[in-house]
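Taken in order, these protein sequences are the chains called A and B.
With positions in the first sequence counted from 1, the corresponding number in our numbering is that position plus 5.
With positions in the second sequence counted from 1, the corresponding number in our numbering is that position plus 5.
Calculated from the structure, these hints are not laboratory results.
Virtual Cβ for every residue (Gly too), placed ideally from N, Cα, C.
Where hints are given, some of them may not hold.
[What the hints assert, rightly or not] What follows is a list of derived Cβ distance ranges for each label pair:
#1 B/Glu-223 <-> A/Gly-180: 51 to 61 Å
#2 B/Glu-288 <-> A/Ala-197: 52 to 62 Å
#3 B/Trp-369 <-> A/Thr-95: 44 to 54 Å
[Stated by the list, open to error] Calculated lysine-lysine pairs in the DSBU-like style (CA-CA distance at most 35 Å, straight line):
#4 B/Lys-147 <-> A/Lys-147
#5 A/Lys-64 <-> A/Lys-78
#6 A/Lys-64 <-> B/Lys-147
Number of protein chains: 2
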Amino acid sequence: MPVSAGETINGLKGAGLDITLIDRRNHHLFQPLLYQVATTSLATSEIAWPVRQLLRRRKDVTTLLATVTGVDKVGRRVLLSDGESVPYDTLVIATGARHAYFGHDEWEPFAPGLKTLEDATTIRRRILLAFERAERETDAAKRQTFLTFVVIGGGPTGVELAGTIADLARDTLTGEFRRIDPGEARVVLVEAGPRVLGNFRETMSDYAGGALERLGVEVRLGFPVTAVDSEGVTIDGKRLPARTVIWAAGVAASPAAEWLGAPADRAGRIIVEPDLTVTGNPEIFAIGDTAHVERPEGGLVPGVAPSAKQQGRYVAKTIRARLRGRPDHGPFRYRAEGDLATIGKRAAVVDFGWISFTGWLAWWLWGFAHIYFLIGLRYRLAVALSWLWIYATGQRSARLITQGDSDEGKEPVTRKSRAKAGA
Amino acid sequence: MPVSAGETINGLKGAGLDITLIDRRNHHLFQPLLYQVATTSLATSEIAWPVRQLLRRRKDVTTLLATVTGVDKVGRRVLLSDGESVPYDTLVIATGARHAYFGHDEWEPFAPGLKTLEDATTIRRRILLAFERAERETDAAKRQTFLTFVVIGGGPTGVELAGTIADLARDTLTGEFRRIDPGEARVVLVEAGPRVLGNFRETMSDYAGGALERLGVEVRLGFPVTAVDSEGVTIDGKRLPARTVIWAAGVAASPAAEWLGAPADRAGRIIVEPDLTVTGNPEIFAIGDTAHVERPEGGLVPGVAPSAKQQGRYVAKTIRARLRGRPDHGPFRYRAEGDLATIGKRAAVVDFGWISFTGWLAWWLWGFAHIYFLIGLRYRLAVALSWLWIYATGQRSARLITQGDSDEGKEPVTRKSRAKAGA
Numbered sequence: 006m007p008v009s010a011g012e013t014i015n016g017l018k019g020a021g022l023d024i025t026l027i028d029r030r031n032h033h034l035f036q037p038l039l040y041q042v043a044t045t046s047l048a049t050s051e052i053a054w055p056v057r058q059l060l061r062r063r064k065d066v067t068t069l070l071a072t073v074t075g076v077d078k079v080g081r082r083v084l085l086s087d088g089e090s091v092p093y094d095t096l097v098i099a100t101g102a103r104h105a106y107f108g109h110d111e112w113e114p115f116a117p118g119l120k121t122l123e124d125a126t127t128i129r130r131r132i133l134l135a136f137e138r139a140e141r142e143t144d145a146a147k148r149q150t151f152l153t154f155v156v157i158g159g160g161p162t163g164v165e166l167a168g169t170i171a172d173l174a175r176d177t178l179t180g181e182f183r184r185i186d187p188g189e190a191r192v193v194l195v196e197a198g199p200r201v202l203g204n205f206r207e208t209m210s211d212y213a214g215g216a217l218e219r220l221g222v223e224v225r226l227g228f229p230v231t232a233v234d235s236e237g238v239t240i241d242g243k244r245l246p247a248r249t250v251i252w253a254a255g256v257a258a259s260p261a262a263e264w265l266g267a268p269a270d271r272a273g274r275i276i277v278e279p280d281l282t283v284t285g286n287p288e289i290f291a292i293g294d295t296a297h298v299e300r301p302e303g304g305l306v307p308g309v310a311p312s313a314k315q316q317g318r319y320v321a322k323t324i325r326a327r328l329r330g331r332p333d334h335g336p337f338r339y340r341a342e343g344d345l346a347t348i349g350k351r352a353a354v355v356d357f358g359w360i361s362f363t364g365w366l367a368w369w370l371w372g373f374a375h376i377y378f379l380i381g382l383r384y385r386l387a388v389a390l391s392w393l394w395i396y397a398t399g400q401r402s403a404r405l406i407t408q409g410d411s412d413e414g415k416e417p418v419t420r421k422s423r424a425k426a427g428a
Numbered sequence: 006m007p008v009s010a011g012e013t014i015n016g017l018k019g020a021g022l023d024i025t026l027i028d029r030r031n032h033h034l035f036q037p038l039l040y041q042v043a044t045t046s047l048a049t050s051e052i053a054w055p056v057r058q059l060l061r062r063r064k065d066v067t068t069l070l071a072t073v074t075g076v077d078k079v080g081r082r083v084l085l086s087d088g089e090s091v092p093y094d095t096l097v098i099a100t101g102a103r104h105a106y107f108g109h110d111e112w113e114p115f116a117p118g119l120k121t122l123e124d125a126t127t128i129r130r131r132i133l134l135a136f137e138r139a140e141r142e143t144d145a146a147k148r149q150t151f152l153t154f155v156v157i158g159g160g161p162t163g164v165e166l167a168g169t170i171a172d173l174a175r176d177t178l179t180g181e182f183r184r185i186d187p188g189e190a191r192v193v194l195v196e197a198g199p200r201v202l203g204n205f206r207e208t209m210s211d212y213a214g215g216a217l218e219r220l221g222v223e224v225r226l227g228f229p230v231t232a233v234d235s236e237g238v239t240i241d242g243k244r245l246p247a248r249t250v251i252w253a254a255g256v257a258a259s260p261a262a263e264w265l266g267a268p269a270d271r272a273g274r275i276i277v278e279p280d281l282t283v284t285g286n287p288e289i290f291a292i293g294d295t296a297h298v299e300r301p302e303g304g305l306v307p308g309v310a311p312s313a314k315q316q317g318r319y320v321a322k323t324i325r326a327r328l329r330g331r332p333d334h335g336p337f338r339y340r341a342e343g344d345l346a347t348i349g350k351r352a353a354v355v356d357f358g359w360i361s362f363t364g365w366l367a368w369w370l371w372g373f374a375h376i377y378f379l380i381g382l383r384y385r386l387a388v389a390l391s392w393l394w395i396y397a398t399g400q401r402s403a404r405l406i407t408q409g410d411s412d413e414g415k416e417p418v419t420r421k422s423r424a425k426a427g428a
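Same shape as in the complex, but just chain A (with noise of 0.2 Å):
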C-alpha cells in the first residue's frame, strides 16, 4: 500500500463505501528509510508493515493480495493475473514507480536500483560480499575494484546512500577484516547536473557536497555516466573500475498508462487532470509516483512524499464532495513541506523553506521527524533502539548477506530473473 492510497483510504473513513485495497504486496513500505536497510542499519521488518494490520479496524476496506494486468474501462473492472477481475465505480490508482536507466536497461544487472525490500536486500548483499571478496583477493589491483562503490544519481537517496556507505567502511566495519582496511574504501558519488540535492536551496547542496567528502565520498558533478558493466562505469570518458555500482538515477511510472490507454509523459506518467482524475474518465484518479501533475502556478508536482500524502488526502475529498453531490472543489493544490536528507551518521540538511538548518541540530530533526512519521509505537521503539545504539557504538546490526549464494561471483540479476526471484 502506497502512502498516496493509505492517505485515501484514511480520508474515507466513516463515509459507508465498499473498498477494496488491491496490492501486489502484503506490506506497506517506508521508502524513506530503505537505503537504512540497502547499508545494514535496519532490518526489513522495521520499515515495512503488514497491510492487513493497518486496516484490521477498517471492516469497510477488503485487502487482496493480487497483481494488476489491466483495467477494462468500459466494463469498470481491474483485471488480476489470475484472470479474475475486481469490478469498481471509482477506481484510484497508486501504483507508484521503478527506476529507470534511460534507455540502457542493458545496465540494470550491474547498477541495480532501490524501490523494493528486495532491492535493498539485493544491494545489501552486494556490499557486503564486495568487503568479503577484497579480503580473499591476492592481487591488489582486483582488490581496489572491490573495495570500490559507485552510487549514480545524486538526489537524496544517492546521498544518503552514499554517505551511509562511507559510514559502514569507515566506521562500523572498522577492526574486522584481517588481510584489507575496510576504511580504504572509495565511495564515489556521480551526478551528471552542477550540484547535489539539485531540488534543494544552493547553500544546502554546497554543505551536502562539503559534508560528503568530510566522510571520504568522492563527489563527481557534472558528467553523466556512458557505460555500466560487471567491470565498472564510465564517466567523461574515463574508466572508473568498480564491482559495486548502485543506481539513484531515475525512475519510471509503473505500467498503468498503458493499462488505461491514457497519455503519459517520457517517464510513462499519466498526465492527469488538474482534480488528479485521468483525461475523458472522471472515475478515474491516478496519484502518487506513477501521476504526471501540473502545479496551476506552472511547473510540475515533485515525486516526494508529502505530495503523495496531499494527493491521496485530496481524492478522498473529492469522492465525499461527490457523494454529497458537490463534485467541484477546485484543483489539486500541492503545498511544499519541506526537504531532508540525511549525510551519513552525523550531518543532515534540512529545508523547510522559511527555515532550513544544517550539521547534528538538522540531523537530530531528521530522526526525530523520520521517527515521528513511522506507525506505532512498537516500530517507532524498535527504530529508535537500532539508531542510538548505531550512533553510540557504530555496530549495525542488520548485516545480512542472505538471498544469494555467497559464491555467486558476477552473474547478473536480470529484470526478469529478479522478478521471479523476489518481486
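For this one, chain A is given, so just place chain B on it according to the hints.
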C-alpha cells in the same frame, strides 16, 4: 559460525594460535529461535549476528566467507569452491546438518525444512500466502486446503512450529480478513512415534500434547507420513489435503564424511573417536551435528545445542593440552543441561532432570533463558521488545512476504533452485 565452532574459538583465546574460520555464511544463526522467524514473531536480523563483529577483537582469527568442497588430508589443506585452498595443522569440522527426507527427496519442494534463514523466510512466505490465497478462493473445499497446515515431526521444532502457527491464526490474524476467519485454520502435527517430544520424559510429552490441543492443534501420533505432494499428505493410508506442509522430522549431516573418506552413520555423520577426532587422523576433529559421538556409558550424544557447545569447548581444551605436550585428557563426556520447548505463547515444558516445570512459569523461564543466550545487549533488547509486544498485543511485526512473487503458484522450490536463490 555454528555454536560448536564458536566455543572452540572462544576456548582458544590467548593460546597464540593462527586460526582461520571458513564459513559459507557471514552470520552466526541462533538456531533455537529460527522457528520464530518462520512464524513471523522475530525478524531475521534479531537472531543472526555478523560473525566478523563477534570476532572483531580476536586478531588471531581470520574469517573467510567461502564454501568448502573437500579436504586434502595428506597435504593438509581445506579445498574451496573457487579453486583456492587453506593449509592447516589442526582441522575442526563443524559443518552441521540439513533436513533429510528418509529417501524421499522428492518431498522437499512441498515440505520445506527449517535449518537456515532462507528456509525460515520461505516457510514464513508460504504460511502468509496460504491465508492470502484462502481469502481469494471462492470454492469452499479448496479454501480449506489453503487453511490446513501440516507439520511433520513432533520434536521440539515441530511442536514449536505447530503451536506458533495456531497462535498466529487465532490470535494475530483475527479480524484482518473479510471473507475467511483465520481462526478456522486447521493445524495438524504428525508424529510417527507414540508421543510428541519423544526425547523428553513422558509426563512432559503428555502435557505438551494437551497444551497443543488446547491451542487447537490436531496431534496425530503413531503413523508415519507415506506421501507428500502439492495437494497434501497421506498418513496411515488416509489423505489429508493441505497446501502448506512443513518438514521437522529428520536431519542429515553435511558431506564432511565424504570429504574425509571417514566412516559415517546412516545420517551421514562422521563416527568419531571418544576424543572427537576422526579415526586415523588425530589432527582432525568433527563436532556438533556433523559428528556421531558415542557416550562412554553407551548411547549417542544427542544433537542439541548444549552438546555442540560442550564438544566445542572440549576440542579447545584438547588443543591447549597438546600445546602443553599433555595430549591425553580423557574422552568427551556429555553432560545433559536440560530440555526446553514452548507451546504457543503461554505454555512451555522445561526439564532439567532433577526438576521439571510446565505451564506459564516454564514459558517465562524459557523466555529468560533464551534472552540470556542471545549475544549482546542490543539483540537482547530487540528480542525482548518483540516478545513483550506479541505477549501484550498478539501483533507480530515480521509478517513479510518476500523473496517470491505473490503470484507464484505452486512451483516447487527444488533443492537446486533454492541453492541458487538463497543458499
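Quick check on a hinted range of 52 to 62 Å for B/Glu-288 and A/Ala-197, using CB atoms only. Holds: the Cβ-Cβ distance is about 59 Å, inside 52 to 62 Å.
Confirm or reject the claim that B/Trp-369 and A/Thr-95 have a C-beta distance inside 44 to 54 Å. holds (51 Å)
Under the criterion that the straight-line Cα-Cα distance not exceed 35 Å, is the pair B/Lys-147, A/Lys-147 satisfied? Outside the cut-off at roughly 56 Å; violated.
Next pair to validate is A/Lys-64 with A/Lys-78; report whether the Cα-Cα distance is within 35 Å. holds (27 Å)
Look at the Cβ atoms of B/Glu-223 and A/Gly-180 and judge whether their distance stays inside 51 to 61 Å. Given a distance of about 53 Å, which is inside 51 to 61 Å, the answer is holds.
Straight-line Cα separation of A/Lys-64 and B/Lys-147 no greater than 35 Å? holds (25 Å)
Taken one by one, the earlier hints fail for this structure only at number 4.
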